[in-house]
Amino acid sequence: DQQVKQNSPSLSVQEGRISILNCDYTNSMFDYFLWYKKYPAEGPTFLISISSIKDKNEDGRFTVFLNKSAKHLSLHIVPSQPGDSAVYFCAATFGSGDAGNQFYFGTGTSLTVIP
Amino acid sequence: EPEVTQTPSHQVTQMGQEVILRCVPISNHLYFYWYRQILGQKVEFLVSFYNNEISEKSEIFDDQFSVERPDGSNFTLKIRSTKLEDSAMYFCASSRGGRAIGGYNSPLHFGNGTRLTVT
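Protein chains in written order, with our numbering: chain U, 6 to 120; chain W, 2 to 120.
Pulled out of the complex, with its shape left as it was, chain W reads as follows:
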């Protein structure tokens, strides 16, 4: 079964440094997402991406964050200057479409996440 893959599985960085988290979504999916989960808290939406542009973003996704689909397979999340509070599990997800055949949404399929630790 196709799956979403994320690299690296764990990233440690110093405060103020830039990090890039990488994701390879499922190949025939059109919608891409980043979510994060701070330890012990809920899974929080960061951004969705479709047709090479951001569809929706949350308040968390400020100017320090950016996303890119540099080629036909990768989807990246960049944090320009990391803060201690950026430490979290970052999950990439993809879906077939906003409205699948039959009028129902298609579910998100998640990768196994990148644990980002900012020291």
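Bound-form chain U, shown alone:
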């Protein structure tokens, strides 16, 4: 039951260029989407999020785009830096009142930024 999919297991980009990481989801109930970055031997670190009422959210070099009709979101990193090399996970969730909401994760994309 793969509700959040990241179809590219890996991506290599030259330093200074744009990195684009993609994510697709199947559950139309999802209304909050997140990107996490993970270095080896560490837990996932929250990077940026977007609510379903928006189609774009920007934070410094990171921008997340949401296309609800296509059930697709993407993370753009501009310019890419070697320190951005990590595994990036897409995640999604939906509201359930005051209860803890399950966050569904993709399988991750390993980004390598080449100096």
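To be clear, the hints were calculated from the coordinates, so they are not data collected in a lab. Among the hints, erroneous ones may be present.
What follows is a set of in silico ranges between Cβ atoms, one per label pair, in the way DEER data are often shown [unchecked claim]:
| no. | chain 1 | residue 1 | chain 2 | residue 2 | range |
| --- | --- | --- | --- | --- | --- |
| 1 | W | Q18 | U | I58 | 42 to 50 Å |
| 2 | W | I55 | U | E63 | 32 to 40 Å |
| 3 | W | N29 | U | S15 | 35 to 43 Å |
| 4 | U | S13 | W | I55 | 30 to 38 Å |
Note that CB positions come from ideal geometry on N, CA and C, so glycine has one too.
Based on these hints, arrange chain W on the given structure of chain U.
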């Protein structure tokens, strides 16, 4: 910046033994979670916990698993009788709330994980 801490970082146990994985969530967070990641696979939800009870659990979280918040700071995951397939990285996470101010969810903040190896 406050962080989620997990102990131990690595736990090796024999099949059939009980293990307890420990977590100290961020102090003003109200929602607590356990996730796991088997090597090379996706991050999988196990359980969420709010107001001293389980909010949601996955199919993975069977009768062998239990969670507890024994005091005001710790959040534990117990596996009663470990199996080989329980070998994974176990991540604890916490969040401020299901719906933060403004109507948006607050993100999960993860610990660095406990690597559980069942032999």
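Hints, verified against the model:
1. W:Q18 with U:I58: 42 to 50 Å: At roughly 48 Å between Cβ atoms, U:I58 and W:Q18 fall inside 42 to 50 Å, so the hint holds.
2. W:I55 with U:E63: 32 to 40 Å: 37 Å, holds
3. W:N29 with U:S15: 35 to 43 Å: 37 Å Cβ-Cβ, so the 35 to 43 Å window holds.
4. U:S13 with W:I55: 30 to 38 Å: 35 Å, holds
No hint from the list above goes unmet by this structure.
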